[in-house]
Amino acid sequence: MATRVDTLEPVPLPEPPPERRLPPREWARENLFGSWFDTLLTIVFGLLAAWLLYRLGRFAFVDARWEIIERNLTNLMVSRFPRDELWRVWAALVVLAASLGFGVGTTAAARRREVEEGRAAAAPERVSALRRAGPALLLVAALLWFAQSFQATVLTVAVAAVGAGAYFLGRRVALRGTRGALVVLAGIVLAFGFVMAFDGVGWEDWGGFMLTVFLAVGGILLAFPFGVLLALGRRSTFPAVRAVCVAYIELFRGVPLIAVLFMGAFMIGFLLPQGVDRPSLVTRALIGLVLFTAAYVAEIVRGGLQGVPAGQVEAAQALGLSPVRITTRIVLPQALRNVIPGLVGQFISLFKDTSLVAIIGLTELLGVSRNITAQPDFLAQGLIVETLLFAAFVYWTGAYWMSRESQRLERRLGVGER
Amino acid sequence: MSVQNGKRMIELVEVSKWFGDFQALKGVDLSVDRQEVVVVCGPSGSGKSTMIRCINRLEKHDRGRIVVDGIELSDDLRKIQEIRREVGMVFQQFNLFPHLTVLENVTLAPRQVRHWNKAKANEKAMEHLRRVRIPEQAHKYPLQLSGGQQQRVAIARALAMEPKIMLFDEPTSALDPEMIKEVLDVMEELAESGMTMIVVTHEMGFARAVANRMVFMADGEIVEVGPPEHFFTNPREERTKQFLAQIL
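Chains as they are written, first to last, in this note's numbering: chain W, 1 to 418; chain X, 419 to 666.
Quick caveat, the hints were computed from the structure, so don't treat them as lab data. Please read these numbers as outputs of a predicted model, since none were measured by experiment. Positions of the beta carbon are idealized from the N, C-alpha and C atoms, including for glycine. Accuracy of the hints is not assured; some may be wrong.
As the list claims (entries may be wrong) - Here are the computed lysine to aspartate or glutamate pairs in the EDC-like style, where the Cα-Cα straight-line distance is at most 16 Å:
{"hint": "1", "chain 1": "X", "residue 1": "K558", "chain 2": "W", "residue 2": "E314"}
{"hint": "2", "chain 1": "X", "residue 1": "K478", "chain 2": "X", "residue 2": "D494"}
{"hint": "3", "chain 1": "X", "residue 1": "K558", "chain 2": "W", "residue 2": "E114"}
{"hint": "4", "chain 1": "X", "residue 1": "K444", "chain 2": "X", "residue 2": "E580"}
{"hint": "5", "chain 1": "X", "residue 1": "K582", "chain 2": "X", "residue 2": "E610"}
{"hint": "6", "chain 1": "X", "residue 1": "K538", "chain 2": "X", "residue 2": "E580"}
{"hint": "7", "chain 1": "X", "residue 1": "K542", "chain 2": "X", "residue 2": "E522"}
{"hint": "8", "chain 1": "X", "residue 1": "K582", "chain 2": "X", "residue 2": "E504"}
{"hint": "9", "chain 1": "X", "residue 1": "K478", "chain 2": "W", "residue 2": "E314"}
What the hints assert, rightly or not - Computed from the model, here is a short list of chain X residues facing chain W with C-beta under 8 Å:
{"hint": "10", "residue": "M507"}
{"hint": "11", "residue": "F509"}
{"hint": "12", "residue": "N513"}
{"hint": "13", "residue": "L526"}
{"hint": "14", "residue": "V531"}
One chain only, chain X, in its complex shape:
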């Protein structure tokens, strides 16, 4: 177990999670340093989503410790809110708020949670919308946009809270093929800007280009961890090889 050196952003120690009788996570250990990009892959049902959803308490872990930016996750609602302010999340289904315009989607949390005034929130929101290359859609409603545009708005919405960490839960799995690139491009830029990221994805091209570390999960366990160059060319574990053979 590594020591706390001030660079550590996320630390999972022996994290386990049950859904009824089914054990979704079996003692997962993972730590992520500041500015590190970790890509998590694995077959469906392997616990990837569950793991990252535990980090901001969308799921409650049953055993083990989760420490985010020095704050240990517990039942204390204030701690949970503190962590959620530092952790942005992007979902497979975008989950934009359909009754609010794009701009309102992006400014809602900064105004309500960070208590920014309207002018500041709008200005910052437009900055982030420019960053995801979609400022001209600010006054539309989410369902008037294409899937790729919606997902980029979702990224801007998460960034608007100025998080230290971004979690991506299969962000391109619900997109038509021609829209995947525009989302991955935005994520790549974000990684280059030094954001700490955990990305659950099957986009191996993206992983190869951006990941500092690859994590392969199966059956609720982390099977293999390693730098992408080793991971893709020379995996140690048999299960990893099988998985890569299927998707590459």
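Isolated chain W (complex conformation):
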């Protein structure tokens, strides 16, 4: 039997295979012109792509009449929001930038410290903050281009400066991970305060991209914990809890989102006891989005829960951990990590589905995009293409940014795994 106990040294990490890098010319020959059929495909699709790119580029930079966007940029961003209260939005942006910058900086610093002290493994790759913010920067650049406003540019630079300053401040403080997240959460709440509180602007005047972002962020923050609870409830040992959760999930997954939004808009009023004020339309829309999304989140999380081996729970039980601790410390962290792609997919879906609230009379980004084509100056000129293209671009930057961040998160949480 076996050798002496000398396997005590650290296991050496395997050497990565040598990277295979071909000069461009050889790469092209190998991958694009390998056989006559490859060559044919390359030429056909190359021409097709070039033609599409040309048409799109020509439209975007030559034919398109972007003045409809230029003149309505404020409309697209905030819709009916009172113009003399716009400072509140800028103040909210400053707070958000500060809390986000601080949160990111402090988490990065805490992590770096852990790596330096050998308490954590280094991230597999370093991504510069600039690249991480890529899609968001693209959006901001486009917006400033359309705004062509000195004031807006200065304010944007100021917001960015505050964010950067908070980032460097955060790097010197180095709070542990969850506290960094709390700072961001506090920032979000405070930003709200700036818009709503002190004779601020009520829900009825929210609109445009601002409303889109609010519904998406609020929806994600509320639907996620609710969905996790539903998923846990569906696996509960209490038959009553299980039945309620199953009924809820199956009901909301079986109904179209539009129907849920309608029900939220018109039925919540009937369900409330008399004398209680009906919540605003925005609140009702948010409730509808959360109720709907939570059902999907629950099923995604349940898939993750099933993927955690029974031995994990047994080991935790044998150590004497309580059922609550087993769930929060052992099962959920592993389950959630495994379903990040599905969860983020659902959140991206929610972000885009906020456009459906137009149906109950709210004017978010897509609603404004349609409405402005009916302005006297632009009526019946077929400018819907420009406005829809703009809206699509804005949605895309948000969705793409979420997608990239989720991949980053997966890689980071995957350290030392599989």
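Once you have looked at the hints, place chain X on chain W.
Just chain X now, with coordinates in the frame of chain W:
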């Protein structure tokens, strides 16, 4: 039936267990004294694992009594938790928590269940990691370690709760041959230090060296119990002889 003399750590009386229609344990009687090392062997499906998993309630026994360190196992969750605090367990598949570092694996239960502060938990954890000769791996993740190293971490994790009893459920069956020794060495030291242990294993060399008593199980029953010297050289039962002939 022996009397309670204060030295008794584990007592199983007429314990039976069914999985559906299949009876996995058929009235098992076994008692283990303090500092005793009992090695359980037998063909697969004989109920060895089920028996020791009943002791800390990973499986619920359907009939009979189980008393651990004077506490009778019942449906009372507090009693179950009390027993689990006193009984450490090591599994065939290690079952380390992959999302936590080695150190976090070892300190989790002492911090959450025993409410030790971080410094004390870390200090004790490093003690146990040294004991299983693996302190330099404290900040790695389990899957970065070899199987033998993982199993030694699992032993340290169980020891960190300072249990009075350790249960081993085929701790070397999932290991490559060259890693079995390093785990058995650690277990041997643990036995010498006076830990009360029940070990389900087919490592007969280990059993001969360490066991105070051998238990042979087949078909959900304890067929033969005896000191290793008799057990290996002169077993009474025909089934024991057949089994030993197969594995020795």
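Sort out which numbered hints this structure fails and list those numbers smallest first.
Hints 1 and 4 not satisfied by this model.
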